[in-house]
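J.: Which chain is which? The protein sequence lines are A and B, in order. Under our numbering, the letters of the first sequence match residues 22 to 355, in that order. Under our numbering, the letters of the second sequence match residues 10 to 302, in that order.
Just so you know, not all the hints are guaranteed correct.
[Claimed, not checked] Residues of chain B clear of chain A, computed beta-carbon distances all greater than 12 Å:
hint, residue
1, VAL63
2, LEU93
3, ALA153
[To be verified] Partner residues aside, some chain A positions facing chain B, computed with beta carbon under 10 Å:
hint, residue
4, PHE193
5, ILE248
6, VAL251
[Claimed, not checked] Covered stretches of chain A (in silico footprint by chain B; criterion: 3 or more residues with CB under 8 Å from a CB of chain B, positions within the stretch not fixed):
hint, region
7, 54 to 60
8, 151 to 160
9, 172 to 178
10, 331 to 339
Treat the hints as calculated values from the structure; they're not laboratory data. Cβ atoms here follow ideal geometry from the backbone N, Cα and C, with glycine treated the same way.
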Amino acid sequence: MASIVSSVADGTRWGLRSWGTRVALLSRRPHDLAFRTLVLLSVWIVLLIVLAVAGILIISSWPTIKAFGISFLTNEAFDPIHDSFGVRPALFGTFATSAFALLFAVPLGVGTAVFLTEFCPQSLRGSLDFLVDALAAIPSIVLGLWGFLAFAPWLQNSGERWLQRHFGWLPFFQGTPHGLGLLAAGSILTVMILPILTSISREVLATVPVEQREGLLALGATRWEVIRFVLLPQGGAGIAGAAILALGRALGETIAVTLVIGNQAAPPSASLFNTGYTLSSVIANQFGEATPGLFLSAVLEAGLLLLLITLVTNILARLLLARFGRQETRGGTR
Amino acid sequence: MRRNGPDSFYPRPSVFLLVRRAGNLFAVVVTGLFALLAVSFLVYLILYVAHQGVSFLNLDFFTKTPAPIGGKGGGVVSSLVGSLLVVGLASLIGIPLGLLTGVYLAEFGRGGFAKSVRFLVDTLTGVPSIIFGLFIWIVVVVPAHSFSGVAGALALSIIMIPTVTRTTEEVLRLVPNELRDASTALGASPSRTILRVVLPSARSGIVTGIFLAIARVAGETAPLLMTAFGTPFFNTNLARPIDMLPLRVFTYTLSPYETQIHQAYAGSFVLMLLVILASLAIRWATGGFRRRR
Chain A
22 MASIVSSVAD GTRWGLRSWG TRVALLSRRP HDLAFRTLVL LSVWIVLLIV LAVAGILIIS
82 SWPTIKAFGI SFLTNEAFDP IHDSFGVRPA LFGTFATSAF ALLFAVPLGV GTAVFLTEFC
142 PQSLRGSLDF LVDALAAIPS IVLGLWGFLA FAPWLQNSGE RWLQRHFGWL PFFQGTPHGL
202 GLLAAGSILT VMILPILTSI SREVLATVPV EQREGLLALG ATRWEVIRFV LLPQGGAGIA
262 GAAILALGRA LGETIAVTLV IGNQAAPPSA SLFNTGYTLS SVIANQFGEA TPGLFLSAVL
322 EAGLLLLLIT LVTNILARLL LARFGRQETR GGTR
Chain B
10 MRRNGPDSFY PRPSVFLLVR RAGNLFAVVV TGLFALLAVS FLVYLILYVA HQGVSFLNLD
70 FFTKTPAPIG GKGGGVVSSL VGSLLVVGLA SLIGIPLGLL TGVYLAEFGR GGFAKSVRFL
130 VDTLTGVPSI IFGLFIWIVV VVPAHSFSGV AGALALSIIM IPTVTRTTEE VLRLVPNELR
190 DASTALGASP SRTILRVVLP SARSGIVTGI FLAIARVAGE TAPLLMTAFG TPFFNTNLAR
250 PIDMLPLRVF TYTLSPYETQ IHQAYAGSFV LMLLVILASL AIRWATGGFR RRR
């Protein structure tokens with residue numbers, strides 16, 4: 022009995038020190054055995070699901086992996102008639118829109134987080150926090166609807182024309198304004214990743230010890246100087262982690278992007294007015310037509326690639342955020 | 010404020026100090042504008058969707074099935090019922106799994122195995138939802154030769170698991186060890202302690218996690234395209250394709266008919282209202298509850 026008590030007293034866990042005591046205890050108490058079995062069973066089911074997702078995707082995309090190998094990444098066409106498949110335009114679309122979103126969401130999100138933690142009057146903070154959380158909770162189909170029915174037509178008729186008139190000399194704003202395209206998709210993604218960037222940056226900034234802020238304030242620094250010389254350098258890695266986590270969200274976002282990106286490959290150029298497609302929009306658009314064989318397998322390999330890319334970004338983000346005592350990625354509800 | 014008269018303790022501010030203070034003011038204004046931008050977009054979006062859709066939120070919208078293509082009127086009762094059924098079934102599968110896994114991580118798990126479970130559950134959080142749709146599509150829909158509500162529920166339940174697991178683990182860790190010790194001292198077994206002492210004392214946090222998970226999947230669309238699929242007909246048979254609110258909004262968004270587009274706005278408004286109410290409920294339920302940093 023002594024070992025049971027000590028194992029309780031020395032930590033939060035019910036896991037016992039040695040296998041012997043564990044068995045002795047469990048055989049004495051059938052309820053515990055049942056409960057423990059139930060818990061372990063659900064853990065194994067969850068594990069099995071995770072492994073099955075990866076395993077099934079690898080197995081089912083094996084035909085294309087074997088047929089195309091690495092050229093799947095560089096091949097232009099997604100052409101079931103000639104059995105030629107590749108995702109180069111999808112990769113381009115995925116990374117171009119996500120990079121665009123990150124470019125604008127990082128300053129906006131970090132700026133908002135700085136305002137909320139440092140400058141915002143206490144009375145306003147609660148409601149602003151709530152509104153940012155609410156923005157995170159907006160389902161992506163709602164943003165997709167707004168993007169498709171309101172934002173893209175506006176871009177076509179005013180927004181892109183205005184950009185072309187004033188910044189038309191830039192390579193990004195060449196060609197005919199379509200409304201639907203990379204610019205629309207990137208803008209929607211900016212809105213979608215803004216809340217998670219804000220909330221994680223806020224948590225990262227909150228971990229900087231108050232002594233450090235007060236130390237600098239006591240030396241006569243302004244609030245901005247505290248942010249500039251203490252908070253941002255200290256939280257830099259965490260903010261980078263937040264950005265990469267947000268990047269992962271942007272890379273995998275499906276429905277809103279599928280609605281506004283146009284889903285047509287355009288000749289490669291730097292213009293944001295072009296339509297395009299992403300890995301996830303390829304899946305959403307093509308799975309319905311996919312006939313068994315190479316076509317189906319190509320759609321699944323697009324999924325596998327998306328899974329791999331988001332895994333890499335998430336692991337990287339978690340490594341960067343680990344130092345800030347943040348073990349999980351629950352920034353919003355999306 | 011500081012006085013800068015001849016008898017003032019403070020020296021007259023130098024130009025350098027004034028420049029620094031101006032820089033501070035500039036930072037306040039810029040970051041404040043950023044925050045204002047984010048918040049005003051949300052307000053604009055809610056108002057815009059409400060403006061376009063609210064006049065279509067009548068009794069018919071909630072009680073009638075979709076009108077024949079191009080027809081006026083009709084409603085989305087089939088989608089509401091379908092959403093309720095599928096999300097309900099997903100919760101029945103996903104919440105117990107997530108909860109028990111969370112209990113494992115907080116109460117039992119030690120060493121490498123627990124670490125890898127935590128890692129894999131975290132990994133699940135970052136995986137795009139369409140991947141789970143694709144997975145269920147191959148595993149369930151293709152062999153069964155039919156889209157089905159069950160497939161939709163399975164896909165959604167996988168999405169729910171990590172949210173429930175991680176919130177449960179987090180809040181169980183906040184429960185003071187004294188409670189466990191006291192319960193053990195009274196002769197309660199570990200399972201009894203967990204079920205009757207630890208879980209009840211973390212109830213509000215666990216409920217928050219469950220709410221978060223339900224709110225998250227209630228608005229999901231992408232994985233449902235390839236599982237529940239949607240249907241214009243009223244259907245409560247979960248073995249058949251079933252309509253859901255996000256799917257109906259998606260279909261109507263691409264519709265050429267004015268009525269259906271407005272109904273898409275109305276449906277979006279309902280979805281937004283639901284998730285915002287859920288966030289409010291979570292805030293209210295957690296009250297003084299604080300997450301450990």
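J.: All the hints need checking, so say for each whether the structure fits it.
T.: Here is how each hint holds up against the structure:
no., hint, verdict
1, VAL63, "holds (14 Å)"
2, LEU93, "holds (16 Å)"
3, ALA153, "holds (15 Å)"
4, PHE193, "violated (21 Å)"
5, ILE248, "holds (7 Å)"
6, VAL251, "violated (14 Å)"
7, 54 to 60, "holds (count 5)"
8, 151 to 160, "holds (count 9)"
9, 172 to 178, "violated (count 0)"
10, 331 to 339, "holds (count 7)"
Of the numbered hints given earlier, the model fails hints 4, 6, 9; all others are met.
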